[in-house]
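Here is how the chains run, residue by residue.
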Amino acid sequence: GQQLNQSPQSMFIQEGEDVSMNCTSSSIFNTWLWYKQDPGEGPVLLIALYKAGELTSNGRLTAQFGITRKDSFLNISASIPSDVGIYFCAGANAGGTSYGKLTFGQGTILTVHP
Amino acid sequence: GAGVSQTPSNKVTEKGKYVELRCDPISGHTALYWYRQSLGQGPEFLIYFQGTGAADDSGLPNDRFFAVRPEGSVSTLKIQRTERGDSAVYLCASSLTVGQSGELFFGEGSRLTVL
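Chains as they are written, first to last, in this note's numbering: chain F, 397 to 510; chain S, 3 to 117.
Just so you know, the hints here were simulated from the structure itself, not pulled from any lab data.
One or more of the hints may lead you astray.
Unchecked claim - Heads up, incomplete: computed chain S residues facing chain F, CB under 8 Å, no partners named: (1) Pro45; (2) Gly55; (3) Asp58; (4) Leu93; (5) Glu110.
If you're wondering where the values come from, they're calculated on a predicted model, not measured in any experiment.
Where is the CB? At the ideal position from N, CA and C, for every residue including glycine.
Just chain F, same shape as in the assembly (with noise of 0.2 Å):
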C-alpha cells in the first residue's frame, strides 16, 4: 500500500533556529497536509496544501506541496519552546469515498532547548 517517508526521524535544536522536514511518497496524492502532536493529545492540523507546488504559510511554518504531487517540506522559523512535539505529514485523494483517509508519516520528533 502506500507509504510516506518522513524525514529526519528527530531533531535537536536551539530556540530561535530555524527548522526544515520533509515527506516523500511511492504514489501521488492530491492533497498533503502537516499535524502537530503533543503528548497525550490527538494530532491538530497545521496547513493544509490542496494544489501541486502550491506554498502557503501560517504564521511561522511554510509548507509547500511538491510539484510531483508526491512529496512536501514544512519549515519552522525561529523556534521556539513550544514548537516542541511530533510532525506528521499526510496525504489524501479527495473524491468518492476517499475524503478522510489519510495515510500518515511516521512522524518526525522536535526538541527545542530554551
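Once you have looked at the hints, place chain S on chain F.
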C-alpha cells in the same frame, strides 16, 4: 461539545475480552473517522462514516473490529476477542463536511492495553 470527546481515555483488558470505545464528534460534523496509532508510528486509517453509513471501512484489520454510528452522531468502535497486538491508541476525528479533504479534528484518543 467544544471538541471531539472519546471515552474511556484508558482501557486495560485481558486477551480474549470484548471492548467498546466511544466517540462523540463535534456538534454538526457529519463525517466521523477512526484511526489507530501504535507507539512510535503515525495514525493508521480504520473506518470513515458519512452520516450513519460507513463510507469506507477498508482499514479495519479483520472481522474482530466493527464500528457503528446509528444516529449519525456518536460512534462506537467494537473489538471482539481482543489480542495483545490490538494494544494502541484509538483516535477518533470528525469534520464538518467531506468537501475539504484532510481537515480532521482529532480527539485525545482511547489508549487500549491488552494484557
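Each hint tested on the structure:
1. Pro45: holds (5 Å)
2. Gly55: With a minimum Cβ separation of about 10 Å from chain F (threshold 8 Å), the hint on glycine 55 of chain S is violated.
3. Asp58: Cβ of aspartate 58 of chain S sits 4 Å from chain F, so the hint holds.
4. Leu93: holds (5 Å)
5. Glu110: At 5 Å from the nearest chain F Cβ, glutamate 110 of chain S passes the 8 Å test, so the hint holds.
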